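Chains as they are written, first to last, in full-length UniProt numbering: chain W, 1 to 221; chain U, 1 to 257.
Honestly, the hints are just simulated from the structure, not real lab data.
Since the structure is predicted, the reported quantities are computational estimates derived from the model, not experimental observations.
Ideal Cβ positions, reconstructed from N, Cα and C, are used throughout, including at glycine.
Some clues are possibly wrong.
One side only, chain W facing chain U, incomplete, derived with CB under 7 Å [what the hints assert, rightly or not]:
| # | residue |
| --- | --- |
| 1 | A45 |
| 2 | A48 |
| 3 | G51 |
| 4 | R138 |
Below 27 Å or equal to it, Euclidean Cα-Cα: the simulated DSS-like pairs (lysine-lysine) are [what the hints assert, rightly or not]:
| # | chain 1 | residue 1 | chain 2 | residue 2 |
| --- | --- | --- | --- | --- |
| 5 | U | K136 | U | K193 |
| 6 | U | K193 | U | K218 |
| 7 | U | K142 | W | K146 |
| 8 | W | K161 | W | K146 |
| 9 | U | K23 | U | K218 |
| 10 | W | K215 | U | K242 |
| 11 | U | K242 | U | K218 |
| 12 | U | K242 | U | K23 |
| 13 | W | K146 | U | K23 |
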Amino acid sequence: MNYVPDFSIVTDNWIVLLRGLLVTIEIWIPSILIGLAGGFLLAQARLARSGWLRGVSLVYVELFRDTPVLIQLIWFFYAFPILVGLQLSPYAAALLALVLNTSAYASEIFRGGIRSIHRGQMEGALAIGMSRAQAMRRVILPQVVKRMLPAFTNRTIEVAKMSSLASVISVHELMYQGRLLSSTYYRPFEILTAVAFIYFVLIYPGTFLAGRLEKHLARSN
Amino acid sequence: MTAHPILDVRGLHKRFGDHHVLKGIDFTVEPGERVAIIGGSGSGKSTFLRCLNFMEVLSEGEIRLDGTRIGLERKGTVTYPEKQLCQVRERLGMVFQQFNLFPHMSVLDNVMEGLVTVKGLPKPEARRIAEAELAKVGLTDKHSAWPGRLSGGQQQRVAIARALSMQPEILLFDEPTSSLDPELVGEVLRVIKQLAEEKRTMLLVTHELGFAYHFATKVIFLADGVFHEVGTPDEVLKTPSKPRTQDFLRRFGEFAF
Chain W
1 MNYVPDFSIV
11 TDNWIVLLRG
21 LLVTIEIWIP
31 SILIGLAGGF
41 LLAQARLARS
51 GWLRGVSLVY
61 VELFRDTPVL
71 IQLIWFFYAF
81 PILVGLQLSP
91 YAAALLALVL
101 NTSAYASEIF
111 RGGIRSIHRG
121 QMEGALAIGM
131 SRAQAMRRVI
141 LPQVVKRMLP
151 AFTNRTIEVA
161 KMSSLASVIS
171 VHELMYQGRL
181 LSSTYYRPFE
191 ILTAVAFIYF
201 VLIYPGTFLA
211 GRLEKHLARS
221 N
Chain U
1 MTAHPILDVR
11 GLHKRFGDHH
21 VLKGIDFTVE
31 PGERVAIIGG
41 SGSGKSTFLR
51 CLNFMEVLSE
61 GEIRLDGTRI
71 GLERKGTVTY
81 PEKQLCQVRE
91 RLGMVFQQFN
101 LFPHMSVLDN
111 VMEGLVTVKG
121 LPKPEARRIA
131 EAELAKVGLT
141 DKHSAWPGRL
151 SGGQQQRVAI
161 ARALSMQPEI
171 LLFDEPTSSL
181 DPELVGEVLR
191 VIKQLAEEKR
201 TMLLVTHELG
211 FAYHFATKVI
221 FLADGVFHEV
231 GTPDEVLKTP
241 SKPRTQDFLR
251 RFGEFAF
């Protein structure tokens, strides 16, 4: 191999990659936060007494779990506007798709977590006069979050990586900028390696902190 | 004499699907009464107790607490607004067979939780009350322990302190010693006995017939979803009049009164 890597192509264009990174973060963090909230509500619907609510939640979750994310992204950009007569920006379409997708996965995590908490916990809370909402917030959810932290961490990582798919509907995130640079300068080795490295640096601190948090929460075991 | 009993149950039925567990129970409790409820497994004694604080929703019948009917009746159907049930549960403390302590909170936080979240007390005041209740059950040295690190007997005493912290008018004990190792039963029964000496109003579902005899002012033998025999501890446990009660007691063998 007589290829001589030249990473100056990366350092010269760092501002382009940084702009991409910021957009990646702008997709990633809201997707996770809104997706978790949506997932919690969907899980409540799934565990509700009303069969109608349970049905809607089930169909929603299965639709998003059993189709590729790539299709969902493209669908919300190209097909959804035809349905509602409103063109979304690439960023809005990507965010919408990832929020809805994350909600579906998060709802399954919440549902499993809530069901795994012994019924006696809810009863113990109700018996001292708490409302169901108070019991959920003070007694059930803290235990669910603790038990489900590895699953949530996993999902958070997945969404960070999934956000790179938004490049196909030309959201100017990190992957998009990387591909653009690489095809402009014909230096895929340096640029794509750098892009992968940036994703790693973005995601790794999160998994590290989640591991620490898991240990901290395990102290009452 | 009070004008009305503190707890008044009329025509209580409970069904789980086709399974008719409680078949029309009438029951009153006067302040200061201590009622022991005994009966075979599956006789519905725990279900009965759980109906009183609406851990189970009644299929039929009505419950009055201090003269006030619980639930709203409209056009023949009864609904139970959550707010009202919360108030009822605040007034009826419950101790469970499985303790049901909150494992993610320290012992002290378990006892403070209702005071802070439900009663809305400021933390220092809640802490003061919780410390007093924990002292009462002999657990002053365990404030910062996690429930999971305690013995079953200690956990149950924390659960009793948690129930007491809300200053309930009636205490409901649902087989409080049934999941304990035999050597840990005594410490929990001692705490319950001490509460009896304070003349608290209490209902106890139990298999500890010897304890029931000394504890109760009234004993109820529940069988087939009805109160089969009701009377003083002597009447029901020493000279039961009904063959079914006699049979049940005989199967328990000898126990020291």
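A quick look at each hint next to the structure:
no. : hint             : verdict
1   : A45              : violated (18 Å)
2   : A48              : violated (15 Å)
3   : G51              : violated (17 Å)
4   : R138             : holds (6 Å)
5   : U/K136 to U/K193 : holds (12 Å)
6   : U/K193 to U/K218 : holds (15 Å)
7   : U/K142 to W/K146 : holds (24 Å)
8   : W/K161 to W/K146 : holds (24 Å)
9   : U/K23 to U/K218  : holds (21 Å)
10  : W/K215 to U/K242 : violated (59 Å)
11  : U/K242 to U/K218 : holds (16 Å)
12  : U/K242 to U/K23  : holds (19 Å)
13  : W/K146 to U/K23  : violated (43 Å)
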